[in-house]
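With the hints as extra help, turn the sequences into a complete structure.
Protein sequences appear in the order of chains A and B.
According to this note's numbering, the first sequence is numbered sequentially starting from 95.
According to this note's numbering, the second sequence is numbered sequentially starting from 95.
It should be emphasised that the hints constitute simulated quantities derived from the structure, not laboratory data.
Hints are all accurate, no fakes.
Intra- or inter-copy, both count: the list cannot distinguish identical chains.
Taking lysine-lysine pairs in the DSSO-like style, the calculated list, with each CA pair at most 27 Å apart, reads: (1) Lys183 with Lys105; (2) Lys171 with Lys132; (3) Lys105 with Lys132.
2 protein chains.
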Amino acid sequence: MENNTIFVGSKPVMNYVLAVVTQFNEGSNSVLLRARGKAISRAVDAAEIVRNRFVPDSDVTDIQISTEEIENYNHEKTNVSIIEILIEKSE
Amino acid sequence: MENNTIFVGSKPVMNYVLAVVTQFNEGSNSVLLRARGKAISRAVDAAEIVRNRFVPDSDVTDIQISTEEIENYNHEKTNVSIIEILIEKSE
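In structure tokens:
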């Protein structure tokens with residue numbers, strides 16, 4: 095499962111869409127999109143674009159949210175939200 | 095159910111946290127957070143803050159994502175992602 099995780103960051107959304115499509119084309123049946131903070135909305139966009147436009151036989155089968163404590167450059171601790179979106183291909 | 099929907103926009107996250115807490119204090123057993131576009135990450139933050147800090151006997155029980163077509167100020171159609179996060183209080 096870990097191998098199929100794509101970390102969504104600040105690049106254009108189509109980069110992540112392409113990464114998901116590539117995983118499916120290489121034979122994966124599931125891909126996990128993981129994002130934190132402001133990138134969360136980009137992960138949702140990527141999942142929706144994959145499902146609606148590029149891999150019609152795929153669907154979002156699970157979405158989890160959670161919180162992680164991170165340390166900023168001042169060594170202060172701050173909380174950041176995480177989203178994990180599981181996209182699976184129906185056989 | 096519709097009455098318990100809170101639309102998350104561009105205000106500070108604590109405004110939405112307070113709105114959820116108020117709903118629960120007024121006797122609701124469930125609150126739906128709904129956001130689109132860039133506000134999606136703020137809705138996730140609000141849900142996490144409610145669950146972890148303010149209403150410990152609540153939990154996120156369902157998350158749905160979808161796409162809506164909207165018309166911008168130039169009358170051009172564009173797609174926007176939506177998230178709906180259901181927070182429920184255990185009895």
